Amino acid sequence: MRNEIFQPAFSRRAFLERSAMGFGSLALSHLLARELAAEDSLGGTDLSPRSGHFAAQAKAVILLMQNGGPSQVDLFDPKPELAKRSGQKHPQKVESFQPGSQANLLMGSPFHFRPQGQCGMEISELLPQIGSVADELCLVRSMVCDNNNHPQGLRCLTTGKIFPGRPTFGAWVSYALGTANQDLPAYVVLRDPDGYNNGGTTLWENGWLPAQFRGTEIQSRGAAVLDLHASRKMPAEVERNNLALLTELNEERRQLFPRENDLEARIKSYELAARMQLHAEGLLDLSHETAATRRLYGLDNPLTANFGTRCLMARRLVEEGVRYIQVTAPIASGTMPWDHHNAIASGLRKVCPQVDQPTAALIADLKQRGLLESTIVWWAGEFGRLPITQGGTGRDHNRYAFSLLLAGGGFRAGYVHGATDEFGYKAVEKIVTCPSLLATLMHQLGIDHNRLTYPHQGRDEALTDPAVTGAHVVGDLLTHPPIVA
Amino acid sequence: MPSVLGRLTFVVLLAASLVAIRPRVTFGGDGESAEVTARDKEHWAFRNVRRPAVPILRSAERAATPIDAFLLKPLEASGLGFSPPADRTTLLRRAFLDLHGLPPTPAEVAEFLADPSPDAFAREVDRLLASPRFGERWGRHWLDVVGYADTVGFDSDANGIFVSEGKWKFRDYVIRSFNADKPYDRFLVEQLAGDELVDWRHASRFTDEIREDLIATGYLRTARDQTHEPESNIPLNYYGVLHDTVEVVGNSLFALTVNCARCHTHKFDPIPQRDYYRLMALFTPAYNPENWKPVFPWKPEIRDRALPDASTAELSQIDRLNADVDRDVARMRGRMAEPGCTSALKAKLMQLVAARSAQRRHVGRIQAIYDVGPAPVTHLLKRGQFETPGPVVQAGFLSVLCDSSAEAVVSETRATGPDSGRRLAFAQWATRKDSRAAGLVARVFVNRIWQHLFGEALVRTPENFGVQGEEPTHPELLEWLSAEFQGPAGWRTKPLVREMMLSAAYQQASQSQSPRAISGHRPDAPSPPTPLPQGARGEKVPAPLQTEALSVAERGIARASSPLSPRGRGVGGEGGLSPAPIAVDPATVDPENKLLWRMRTKRLEAEAIRDCVLAASGRLDSTMGGPPILLIARPDGLVTIDSSKLRRPADAVRRSVYLLSRRAYNLSLFNVFDRPLFAVNCPKRDTSVIPLQSLTMLNDEFVADEADQLASRVASAASGSTEQAVRSAFVLALAREPSATESRRCLNFLIQQERAFEGAGAQQNPAFQKALAQLCRTLYNTSEFLYSE
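The listed protein sequences correspond, in order, to chains P and V. The opening residue of the first sequence carries number 1 in the numbering used here; numbering runs sequentially from there. The opening residue of the second sequence carries number 1001 in the numbering used here; numbering runs sequentially from there.
One chain only, chain P, in its complex shape:
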């Protein structure tokens, strides 16, 4: 009901939808389809699949979220000058977040970088498996973030701005495109079964978009979805009888209120819940996967099983037609596993092996199944880390430069984009902001970020808010960049 009120632009459509529901008339749905096509802005009130503004290169997105701020100079962005002048003072005043970096001393990375694959992309020895799929990767070394603190940084990456309460990217995508599989949510979150990361559920919020676009957690352990099964085991016949009575009572009541959409939707939501109960079941069951696949994702290794299981589930969800999947970082090394304020070398040695193999496995597996072309995988933290030391062994937050990985979905494979200064403190070439990255991801999904809006508090809000953020599609990252007139 709320949508009708807040969407003056959609009022006619909302009316048609309502009428269509009541009468199920073909003519009306036809009219509705035309109405949709005629409107400039995408978006709907349900999860039925919708096409974008233009032909999409990718159908699905998998975000491998890496909370805490992975250190670009130790992982993706080799800096020989930094190694050479390790221990000397940084010539500039460096912006730090916490105390401990006042000495302003450069600290080179103890890790070696080697060219990988045909493309020769340099990646740290900490991530050998990711290095092995370098030819599939688009490595952006010139990312910047709007804020130096985790909550704001995470929001900047996932919602385009640092302010709380805004919808996350996955919610916008579900709102814009709906989803192919009506038996599963459009936006699925696979989190560590042991707990939440810093930022928790706020990283898959719907903000002021309708609630059906919120990310739904599917568990990799126990029941797939919260309350998917009755808290007590009941004979199947009892459950059937319950649903039969419920449907009758609801249907009878609904006839008294023929124009209350909600009541109809509620009956449907029980049907969807029942279908979810059937479908979500199978997702958990990884026993049909071959031994080779299980090994590929590292399911047999306690170090990689946690993240690997969820990466494998992500692939299965893509096969099922789920639109957007977020896999959160493993929390075995903390709820912000990449937040290495101290002892960064040993910290990285702990975290990297947990995600390296599963990440590479997911990319290789999607590739071999022909799914990588139509699936975007992105691996990203909220910001980077400083080239100077914090307290002698750690690195503080850095919003001026970080690196992230993209693969599939029409992103340029084997390509390195942008560059940072000699120490890796600031991005200096081909800088990419978070909103521009989101605009580019949207473009690959067939969405024009300028035209995907939602009315909120008297304003047509957009994920990227280009008028304020200057967001634009970064054509260089794409195999088929948009033609700019």
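Below, a list of computed lysine-lysine pairs in the DSS-like style, where the Cα atoms sit at most 27 Å apart:
no. : chain 1 : residue 1 : chain 2 : residue 2
1   : P       : K93       : V       : K1382
2   : V       : K1299     : V       : K1645
3   : V       : K1382     : V       : K1041
4   : V       : K1433     : V       : K1182
5   : V       : K1684     : V       : K1594
6   : P       : K426      : P       : K93
7   : V       : K1267     : V       : K1041
8   : P       : K268      : V       : K1684
9   : V       : K1382     : P       : K426
Chain V regions said to be covered by chain P (calculated; three or more residues, Cβ under 8 Å):
no. : segment
10  : 1672 to 1680
11  : 1742 to 1756
What the hints contain is simulated information worked out from the structure, not anything from laboratory work. Quantities reported herein were computed from a predicted structural model and do not represent experimental measurements. A virtual CB, placed ideally from N, CA and C, is assigned to each residue, including glycine.
We have chain P; now place chain V onto it with these hints.
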């Protein structure tokens, strides 16, 4: 050929008229110097409230109150009218859900149905308003508007729960205020400047009044304050609190997006950037970035923002008492450590130590706001960044709501003693009767009351009364209600609620009339039909209500001159049973029901759903107030009540308003039923329909447990009769009797389920009890349970 002069005149006139008629769709663009013009003040929300005359209707049969006249006028113009009155059981449940968020008990239903007097419903409304359950329900609405949370910081970590000590006192204050029907102007003054109303700094002891006024300022402590850890105790976060506070105040009082003017002059509304910082300057003496008090003491020596819940004199007395206790305890412990101390003596001393230690007094805290010292200079912040201060601004108000530019700034001579007096000046300005500001404040609040009772507000963007918001569907009604509220109702909520509920509009049926069913009869009437005496149906109370809300003059007019009651007391009498034939299908003319030709159904809010489940099962504990019931975020993602931290077992079944309020990670049941993420505040809840709601109601342990409880309750009420059990389950869960068909269907269901359980090995009696529990569980799952009809 026209003369040159004529042509020139024409051009001048054309230009002048273009200027005059050009609608102001944008504002600003002039950066900091944009000035508000007289025309800007003409926007409907910014004008002074003027009481309109109650419209005269062609046919006033259905007009029970002036509200009805305002609603019927446009309905008449569209060839429509109200729907027939709702049946009395529906009406009773509607009133209970709206005012208490709880269903009526079977006894209350029976009593109401047995009362044929014409004012039965009016008396019912009075009873409901007088009950403390009213404040618990309506207090929660206000807590939404102000963005209340018990926790500190962003609260974005599932298991990192920092509860702000004593914050709950504000929640209880709000509930108390609604129960006492505190005038809204007073309520606002206390919340904005309670600390300036009393001399708490020098009081020898904290009286109830002092305590109440300090607690009230918790309203200004709802912003997310990140300064609860050393590394977050930085200017960025100080200003974050200030910005959020301006946003909450701008939104909760004025329904304006004042926050849009933080970085630049507002793009649409006449709010110069300067005005934004004038508002901020109201709060800088308390939230002083140069003299910051963190929100939470992360080390014992940190002096945080909270005040001890005792005066300085009381504190030193308590300190002395505690020092005595500590000295005695230390002495006894010393004795215990002496070599000659026997075990018997040791045991005795242990007891003494425990007894003496128990005499230590703990002083609670009040999460208040107060000026922390001399007021700092407040700057306009360029691009909203504190790193780039612009010109100095004076504390002040929104120019668009002021008649002169002098009125828009706080005179610094007001300052007395340690208080800047800025917040008190602001509160008085915002509530000064008949001013532009008070007019907007009243409109915004009245609109919210309407929204809670009628499902949709008159201004359907209750969060935005600016030029980008929607215009009121019934502008004159909004003006009339706002005038009533400030004048005869004396800013009190209850008379206004009563006035709205006694209207024919509120009491009409919500079922939409399809042309087929236009007679108003339900296809399937309740099984023991309740014959209603003429006139009592729908409580057509004659126009002049026994409410103080109506001015005497209005009453006179309403009674004497005919617009409202042309035939004396017979207002809508027979109209109730046989509505005037409706020539047009209202669903075609007004599909969105903007004109209110039928009552709207309302999905219950998350908290009310839980409370209704508990009320039906009979387990709801009605204890009021006190520290929040703690929650736990389990690894599987469910958020439940933390049973390990309950002070008493019954705390697990208290009303939802007393559970821990977090910004995220609230009870899972709340989360799936649209309890918002409280980033800032929430003027309007969403009412989504998502499969997780169905899964929760079907499978959640809480619902299953309460269904069992309800089944036992039903069984003991039914004394062996299955028919009686079905009736009892319906009355308890849905506050109505089942229809004949429903009854038949449910009886069959019970037989089926009993067999199914027997087949699965259950013994006969438990099998029936189990079947009954499934019936109860299913009733909890019906749409009807989740909606007020």
